[in-house]
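Participant: Knowing the structure of chain A, use the given hints to seat chain B on it.
Number of protein chains: 2
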Amino acid sequence: MSQEDSISFSRVTIVGPGLLGGSIGMALREKGITGEIWAYLRDEKKRQTCTNLSWCDRAVLNLQEAVQESELVVLCTPVETILDHLPMLSGWVKTGCLITDIGSLKKEICECAHRWFKDRPSSFVGSHPMTGSEKNGIEFASSDILKDKNCIVTPMYETDTDSCQIISRMWQALGMKVTKINPELHDEIVAWVSHLPHIIASGLINAINNKNEKWIKFCGNGLKDTTRVASGNPEMWKQIIMGNKDNVTAGINHMVEELNLIKKALEFNDREQLMEILDSAKVVRDKLDDNG
Amino acid sequence: MSQEDSISFSRVTIVGPGLLGGSIGMALREKGITGEIWAYLRDEKKRQTCTNLSWCDRAVLNLQEAVQESELVVLCTPVETILDHLPMLSGWVKTGCLITDIGSLKKEICECAHRWFKDRPSSFVGSHPMTGSEKNGIEFASSDILKDKNCIVTPMYETDTDSCQIISRMWQALGMKVTKINPELHDEIVAWVSHLPHIIASGLINAINNKNEKWIKFCGNGLKDTTRVASGNPEMWKQIIMGNKDNVTAGINHMVEELNLIKKALEFNDREQLMEILDSAKVVRDKLDDNG
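Those sequence lines, one after another, are chains A and B.
End of the first sequence sits at 293 in this note's numbering; the numbers just go up one at a time, nothing left out.
End of the second sequence sits at 293 in this note's numbering; the numbers just go up one at a time, nothing left out.
Bound conformation, chain A alone (with noise of 0.2 Å):
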């Protein structure tokens, strides 16, 4: 399955490739990690144009068959489907197929997959990449994605640390930059990281909204930067949200006292601590730019 310098598969099979699940298939045939690329998807119509990407040998409909006998299984599809198809995958897959995941949530994915192989001759390692777009779809896929982008990979204690490393180093091989951190604390994180920010951005469109419809068209580039996460997926953003909702909720509150804050400094026309609040952020966000 893997060599001591290099990584690669017989098979792997994409279960549900989307805009992400598209481009790491793509990128995996780029790399030449993979003999076989397989695809799973749920409708004919998505099957077929699947089957026509260069870089997918086989679409199919049926799971099992998708699965079976493939090394690498990497699961894309929405967090609580990946919740779904643990349980007949951990039945399905042969010995030494390693699975993994690109879900955004992993306390809830680790600790299930943990339950269903702890005692199989298989593997399950979560992973997120961290990277996407608000465009949802294979049809937007591209290798170029997930370059130099964050992974967290999440072993848990009892994870193999073998296969932990082959994801890991699966992941670098296509250009990410992995990190590994335990599936409570990558929630933990997340949920400000990420989460907030969708929050946010739902906010502040559905605030300007509600307080004028006529007025959302005085939009400049700033806030159209600033809320371009609001047009992701809702479901998935449900799901995630939901899925995460303890943490995001101790955000929220945090966010909640920032804007306190600053509203603190204007009622008191204390310039020197809005001054304060301004270059601090912007301190810190100028270091992102630096960062991949």
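Where chains are identical, the list cannot tell them apart; a pair therefore holds if satisfied intra-copy or between any two copies.
With a straight-line cut-off of 27 Å between C-alpha atoms, the simulated DSS-like cross-links for lysine-lysine are:
(1) K150 x K181
(2) K215 x K181
(3) K218 x K178
(4) K148 x K215
(5) K148 x K218
(6) K288 x K136
(7) K150 x K136
(8) K218 x K136
(9) K283 x K215
(10) K150 x K225
(11) K136 x K148
(12) K218 x K288
(13) K148 x K178
(14) K218 x K150
(15) K283 x K150
(16) K246 x K215
(17) K119 x K108
(18) K32 x K148
(19) K212 x K264
(20) K212 x K288
(21) K288 x K225
(22) K212 x K108
(23) K181 x K32
(24) K181 x K148
In short, the hints are calculated from the structure, not lab data.
Here the structure is a predicted model, which means the values were calculated and not measured.
Facilitator: Here is chain B on its own, set in the frame of chain A:
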């Protein structure tokens, strides 16, 4: 100064050309709207930089010299400096001169201008070209940043109608979408569509950084976009936000209400309510991309 269908000025002065003033100078030259273009700058180094730019015929350090023979003066300094310059300009400009500005706040500027220009043979009309970037400085100037962007022109009841028409046609000639709105309503609108996004971006960056300064490195494109405006010039934004504090405070209060709605949906596990919030935000946000 202007003919039936075209706008032209024998000399235009840009006071304090930075990103936006430089872009206006370039656009005026490209569109052939003016004979000479002069610039006023505060320091010798910036003056020399400006002298070397193709759109600039003369750059001077003396404000009176810069404006006294011009037919159009465009004030491109921060808001507080615009307020400082208005009294002097009202005494220096020649008969028939038009003065406009690019300040992000209009009520205070237009009221101040009205006091100083009401008995003069020259006219002030406030403008707010809604474009720019988190980048500052004349080196990032480009006439493209004006194209298809909103420009709000803010006549008061007392503003000369012909002057307002000429200023509006000038912005249109530079490629902007012009809307006329009174200064008070302008300030309320921009509190929501421009100042509130800035505050939220700064607050979000600070919230994450205060929670754990190591987490910011896990940012993806979503966090980058949501907080891009927080890299703007803190001194400029301090003036803008402080100068519009009542409207901004109302915006913050409304934003906190929106965040509390989301918290409540999480607390009660109300998936339908969360979906409705995310979905309505998406519908509105999607429209912004069709909006220039």
